[in-house]
Amino acid sequence: MSTTAVETTAHRPAESGGWPVVAEEETRELWIGGRGPILLFAFSILLSAITYLAASNRAMNFLEQREAVNLTVQVALSVGVLLTLVVSADAISGERERGTLEVLLLTPVSRRAILGGKLFAAMTLWLACLVVVLPYLWVLGRGVAVAGQAALLAFCVGTSVALGLAGLGLLISTVSSSNKTSLAAGLLMLLVLFAPTQLPALPKTGFGELLIRINPIGSALHYLSQVLVGRRAWTHDLSYLASPVILAVLVCVVFLVAGPAIVKLHAGVSPE
Amino acid sequence: MPTLEATDLSKRYGSRTAVDGLSFAAQQGEIIGLLGPNGAGKTTTIRLLTTILRPSGGSFSVAGITGDHPARIRERIGVLPESAGYPGRPTGREYLRYAARLFGRDRSKAAAVADRLLTDVGLGERAGSRIATYSRGMRQRLGIARALINDPQVVFLDEPTLGLDPAGQREVLATVRQIARERGATVVLSTHTLTEVEQLCNSVVILQQGRLLASGTVADVISTVGTRRSGHLRVPADLTRAAAAALAAVPGLGITESPDQPGVLTLDTATGAQQPWDDVLRALLAAGIHVLSFDTEATRLSDAFLSLTSPDEVPIPGSLEEHRP
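Protein chains in written order, with this note's numbering: chain A, 1 to 272; chain B, 1001 to 1325.
Because the hints were derived from the structure by calculation, they are not lab data. One thing to keep in mind: the hints can contain errors.
One-sided excerpt, in silico: chain A residues whose CB lies under 8 Å from chain B [stated by the list, open to error]:
| # | residue |
| --- | --- |
| 1 | LEU105 |
| 2 | PRO108 |
| 3 | VAL109 |
These numbers were taken from a predicted model, which means no experiment stands behind them. From the three backbone atoms N, C-alpha and C, an ideal C-beta is built for every residue, glycine too.
Using the sequences and the accompanying hints, generate a full structural model.
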């Protein structure tokens, strides 16, 4: 073995802080490593079943065409966000368990950049889900010119929800002592947020409306149905998007402000 | 100016103190051994100096950068952490390219440095194989290559030979020596294998329960616990008793007869004894005893280490009270 003489210059990440490098590697690991394609395959199977049910209901006049499109968008959003959360909840705690986090922390890439790169990689799964849902929307929305609108809505609203919840999953991952804890906490959070949207008779005023508005998933799904089924203008119920947008912004602010303090070798809230 | 300097460095977790007032320094090109029993604070010390942990007190500088600029320190150091994990899917080449790009190299330079380092550590032929197929020794060498990816001025190696077979240990140690000699980098080597330290290190730092027990060159550290030495004397078997009787007059000498090897005496000098072997040979000549062979060995670092870290448990072979005829 032989080694070469040392260069005296220090090597530092690019002006971007190194997050694109982390994002590229994490995305490659997600998609070439096999986890992304498997999750996406499961997503497409589920979506096929939902689309089949929606199409057959529509054929029997149990469901309007717009309702069928809305149902598919809602399922796509809910499940796509779930998958994004699963990926992000593994991001830091998984590295910690595999013993690879220390090596990453030993590079000059900032901890904010590490979070940003990992969040980007998780979001690629949501974007892939969005691509998968497009042909289903086209099939269900033919004739009423709603597929394009549904796709655009799913992109705008869904990306906001996915960003917020993936960020929350990532935050949970930074403070979780094990990967299982992180995943369980993330899924529990999603269940708590998703369950109220399935309640059949949630009052639309007072406390019921408050519950819908503060729940980023509930309010996003409500907004989607108002536009796609209720044929409201995009701007009419825009206030319903406050909670997903606030959540996404809040998560980004937490990453920027507290990123260096929360990405640590050991889990927990104590200082290192 | 030292390349590495710690002054009164401390790390506390609540009421538990992991590192307590540690001070030491190392110069460029020096290999410094960080020694101590399990839980002594070696890994914590390395994590403090590599900016993974924040110190509770004291200060340090690495490669001329003070500890309050962690990102600038990380640009200048290379680290092989204890029990470092490796992703299984990427190849060795992909792994090092990614590491190089994290240090700001563009794609082509990252590829070049990855290939060069893989060749340097003897993994050139397995560069395209998945890390999952690497043996433990190959992973350790890959980890060392990763630690060198930014041409560091200071390299921290935490138990680099742990779990390696003798051949693997020898290869890793040769690499460590070359890092210091050819790259001019300062190497901090944490290990339990004291023979490695004696062979490689210019100086040592011995820790116990987070506190500095001794530091300095290997010779300095040995001298802090005295200069106990031992020797093996071989005389004709029928003269064993006579030899032991002749040597009983030598002050500060312990004598042990070997029950399995007639004619062989193990001699042990007490701490502080001066020029004992001259007196031994003089006594044997005066008694007219023919010496077949006489080998001596100096106090080793391991003796000093044991004496410092567990003084009550150090066996003193051939102690005077026990073996004086």
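Right, here's what the structure says about each hint:
no. : hint   : verdict
1   : LEU105 : 6 Å, holds
2   : PRO108 : 5 Å, holds
3   : VAL109 : 5 Å, holds
Of the numbered hints listed earlier, not one is contradicted by the structure.
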